[in-house]
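Engineer: Sequence:
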Amino acid sequence: MVKSKKNGMKKGAWSDDEDNKLRAYINIYGHWNWALLTKFAGVSRSGKSCRLRWVNYLRPNIKHGNFTEAEDNIIMDLHNKLGNKWSAIATNLPGRSDNEIKNRWNTHLKRQAQKEHIVLENQDDNETNKVNEANPQENIVETTNLKLLQEVEILRERSSSESPSIDRLSSHSSSSWDYAVSSDVTQQPLDYEPTTNFWTDPFISDDDNIISSSDHLFTPMDLVVDYISNGYSQDMVMANEFLWSALDLCNEPFLF
DNA sequence: AATTATTTCAACCGCTATAGA
DNA sequence: ATCTATAGCGGTTGAAATAAT
Numbered sequence: 010m011v012k013s014k015k016n017g018m019k020k021g022a023w024s025d026d027e028d029n030k031l032r033a034y035i036n037i038y039g040h041w042n043w044a045l046l047t048k049f050a051g052v053s054r055s056g057k058s059c060r061l062r063w064v065n066y067l068r069p070n071i072k073h074g075n076f077t078e079a080e081d082n083i084i085m086d087l088h089n090k091l092g093n094k095w096s097a098i099a100t101n102l103p104g105r106s107d108n109e110i111k112n113r114w115n116t117h118l119k120r121q122a123q124k125e126h127i128v129l130e131n132q133d134d135n136e137t138n139k140v141n142e143a144n145p146q147e148n149i150v151e152t153t154n155l156k157l158l159q160e161v162e163i164l165r166e167r168s169s170s171e172s173p174s175i176d177r178l179s180s181h182s183s184s185s186w187d188y189a190v191s192s193d194v195t196q197q198p199l200d201y202e203p204t205t206n207f208w209t210d211p212f213i214s215d216d217d218n219i220i221s222s223s224d225h226l227f228t229p230m231d232l233v234v235d236y237i238s239n240g241y242s243q244d245m246v247m248a249n250e251f252l253w254s255a256l257d258l259c260n261e262p263f264l265f
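The opening position of the first sequence corresponds to residue 10 in the working numbering, with each subsequent residue numbered one higher.
There may be inaccurate statements among the hints.
In silico PhoX-like links for lysine-lysine, alpha-carbon gap of 20 angstroms or less [stated by the list, open to error]:
# : residue 1 : residue 2
1 : K57       : K90
2 : K57       : K20
3 : K48       : K19
4 : K90       : K119
5 : K111      : K124
6 : K119      : K94
Using C-beta positions, here's what the derived DEER-type ranges look like [stated by the list, open to error]:
#  : residue 1 : residue 2 : range
7  : G21       : H126      : 32 to 40 angstroms
8  : S53       : K90       : 21 to 29 angstroms
9  : T77       : S24       : 26 to 34 angstroms
10 : G17       : N131      : 56 to 64 angstroms
Since the hints were derived computationally from the structure, they do not count as laboratory data. Here the structure is a predicted model, which is why all the values come from computation and not from measurement. Glycine residues also receive a C-beta, built at the ideal position from the N, C-alpha and C atoms.
Produce the entire structure from the sequences given, and follow the hints as far as they go.
Structural biologist: Rendered as structure tokens:
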């Protein structure tokens, strides 16, 4: 499913090669600016597309398919409370992206919820015809909430024990130039090395492809940041052909 | 086995919020 | 105050997979 290019940017399904490039780059440098990152990572996609691919598919410990009953229950309940606030719901389901939760809701749970709603309505009709005692509905809601809170906690604990680095890498920064690199993640073995020569050689040890957290990772961004700290605007950096060609040609760490 | 209909879900699009110039 | 760039969100689309005929 490879769609046409738009403004030189590829669209459609991601290839393994693209995935590997993006994953490898972010594992090393984090994401500091999606629009620029695509250039450095060597991926011919829009920043928006890269961000989406990372968030929904590539980031560490992301889960796919096979929603558990507990997860479904949480989605159903939170959707009942929050509506289509997918990202808010996703914060309570570790390892699940908002997109996947949205899909889960639209393809499975919406119908289920509608059915249950009808059943509840019928029950309510019967109940109101009987007595109007001390609101039993409230007790049901409280019990459900307690159960769901417990389920959320269990999922959170499980997730944090399995994935110590999941959300510390790539946390959004208030500054687009403030790029995050997790020391946890740099300890992970890489399943792919970025092919473009300008970033790999100085950073990855020969024997095991694992980066020492004590090493200074001198990235192309260092050059850009330095450039900016010397009074150049972001646009000027982007427009500077010399800078780009220097980055492309660089085989060794930059020295100032 | 071939065709058509339906479902799934990855990816896109348009929009809003926010930060910085 | 206004403009621009970026990140993030939610709705929607459409290719691929699967089911039904």
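Engineer: If a hint holds in the structure, say so; if it does not, say that too.
Structural biologist: Taking the hints in turn, this is what the structure says about them:
1. A C-alpha spacing of about 30 angstroms is found between K57 and K90, which places the hinted pair above 20 angstroms, so the restraint is violated.
2. Note on K57 and K20: the hinted pairing holds, with a Cα-Cα distance of about 11 angstroms set against a maximum of 20 angstroms.
3. The straight-line distance between the Cα atoms of K48 and K19 is roughly 13 angstroms, inside the 20 angstroms bound, and the hint therefore holds.
4. Annotation: proposed proximity of K90 to K119 holds, straight-line Cα distance about 14 angstroms (limit 20 angstroms).
5. Distance check on the hinted pair: K111 and K124 sit about 18 angstroms apart at the alpha-carbon level, within 20 angstroms; holds.
6. The straight-line distance between the Cα atoms of K119 and K94 is roughly 14 angstroms, inside the 20 angstroms bound, and the hint therefore holds.
7. Range check, G21 to H126: about 38 angstroms between beta-carbon atoms, so the 32 to 40 angstroms window is met.
8. In this structure the hint that S53 and K90 lie 21 to 29 angstroms apart at CB is violated, the actual value being about 42 angstroms.
9. Hint check: T77 to S24, Cβ distance near 31 angstroms, so the stated range 26 to 34 angstroms holds.
10. Judged by the Cβ atoms, the range 56 to 64 angstroms given for G17 and N131 holds: they are separated by roughly 58 angstroms.
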